[in-house]
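Peer 1: Take a look at the letters that make up each chain.
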Amino acid sequence: MSLLQRGTHEAIHFPASASRLPILAAASLLLLVAMTAGLTWGGVHLSFRDLWTGAGEPGEIARRIAALRLPRVALAALVGACLALAGAAMQALLKNPLADPFLLGTSGGAATGAAIASLAGASPLVSPGAAFAGAVGSSLAVAALARRGGRLDLHRLLLSGLIANAFFSAVLLGIFSVASSQAARTMLFWMMGSLADASLARIAALLPYATLGGAVLLLSAARLNLFAVGEENAAALGVDTERSKRLVFLAASLLTGAAVAFAGVIGFVGLLVPHAARAAAGNDQRILLPVSALSGAALLVAADALSRTAFAPAELPIGAVTAAVGAPLFAWLLLKTP
Amino acid sequence: MLEARALSASYGATPALAGLDAQVPSGAIVALLGENGSGKSTLLKLIARIFRPDAGELLLDGRPLSQYPRRETARRIAYVPQSAELVFPIRSLDLVLQGRAPHNSGFATDAPSDRGLALEAMRSCDVEALASRDASTLSGGEKRRVFLARALAQEAEIWLLDEPTSGLDPRHRLEFLETLSRVHRERKTTVLFVTHEIDLAATLSDRVILLRGGKALAQGSPSEAITAETLARAFDVETRVEVDSTGRRHFVPVAPVGVPDRVVRT
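Chains as they are written, first to last, in the working numbering: chain E, 1 to 338; chain L, 339 to 604.
None of these hints come from the bench; they were simulated from the model.
Just so you know, nobody snuck in bad clues.
Facing chain E, a subset of chain L residues (Cβ under 10 Å, in silico):
1. 410
2. 411
3. 413
4. 415
5. 417
6. 426
7. 427
8. 428
9. 433
10. 439
11. 440
12. 444
13. 445
14. 448
Looking from chain L toward chain E, a few residues come up when the C-beta cut is under 7 Å (computed):
15. 388
16. 408
17. 409
18. 412
19. 425
20. 446
For every residue, glycine included, the Cβ atom is placed at its ideal position computed from N, Cα and C.
Using the sequences provided together with the hints, build the complete structure.
Peer 2: Take a look at the structure:
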């Protein structure tokens, strides 16, 4: 018997996936709670009982209001899932805990692409495509800026993201100050994000992009585990790294582009959520990615509910809510990163 | 049999290998010796398919390495890096389990049989007690042995080790070399290792490849390839060769060649 063929029974002490199901269930529950809050909170507060079991007029009214809110809650969930998934996958791919579609300028590029398309009179169905093109273009530029001696340098990457964000903000400001009579409101939409225009049609337009991008990333999870130790590590273990990098990068850009096209730029979700999920679920991407998607959905639904209720009837921009939570966390992460 | 033919590679504008011809016979322990920047680590990374050569060929059993599916070469060739900066937490056992990735569909790593192999490999390398520890918190030497366990779990027939003994304390160095010799004996593993320890190259290996400027300056059995004369050409140092009572040769670098005012006497 060879050195390595003994002792499979020891495996019992080290179960690989024992905690997978409870964590997925917990994240799903979190999303359910957030969605309930999203449906009941708002300018008019609905009681949970009226909504589910209410008979007669109160129940009827509660259900009608909830039905009006449902597209918005669903859009928030989808957008949150897209951003968190994109952030989690990019963090593993780049072996960099600070990777985030917003910080790296991907969202800014997407917003610029979508804004240009919408100003040119393109249909909303096309705008995710334009946002995707903007996201890819921006990411390529940022990566090229950050490359030094054949590898991506962490500090240069963040600085390049900063440059890209400043540039895209300027472009967006420029476009709207000359082009649109409704400039201020539209600009706020692209730069701070908004879910106010949610509709079933928009959700239906977002869904195919989100499904495609999400499926590619979830199917890449085992490869991303090898990338999380390093690109050389993945290559030495048989991964075609160039092909995987392109695929993951394009899928993450697609998710970011789709999210931005329908909800504008919402920062920090892609940073905040994977970190919290990693603390709870560990860094196995096969668990981390779905948990991130579910928690990202929950976070954005909750943040949206908060933005509608905190100063009702006035509404806070959703990006302001996520940034208020995300910026301090980012500062803490930056201090912690060697 | 691994063979390099006129192999060239570079990092951007910096050449690393410049037309290297070298052979690594199956089942042999082969040492790669040479000064810093002579192309040793680059050769390992080309064989591990981490980089692609600019020109020339790498042949595995007479067939170009690039013609093999990547997963097949990853099943046959294990690479143990000199160090690995771990940014994210990862349980040592999961790191060792990554060695099973090229064997499984979709690079999955958690079949029960894989866990058995991984734990057995960790026991062999004296790191079983670290199995549930976060590998990013381990010392350099512990991490090295975890990566060695991973190469063991990978069940590869060729091992590429980048400076495997650097940074190990004497006890773990000896244990590491014992493990290496045992695995080599039991499995007829081909071992290609980079080292700066001339004595180690001379005693452990069947064959030595001495590199300088990305080319093989000498290669053959240790007694052929390592002499005071070849060492002087490879490292620009004058080396004293001492033979101990067991007949073993020891190499003591005594002075830089051609820098008489900086002569160091030992």
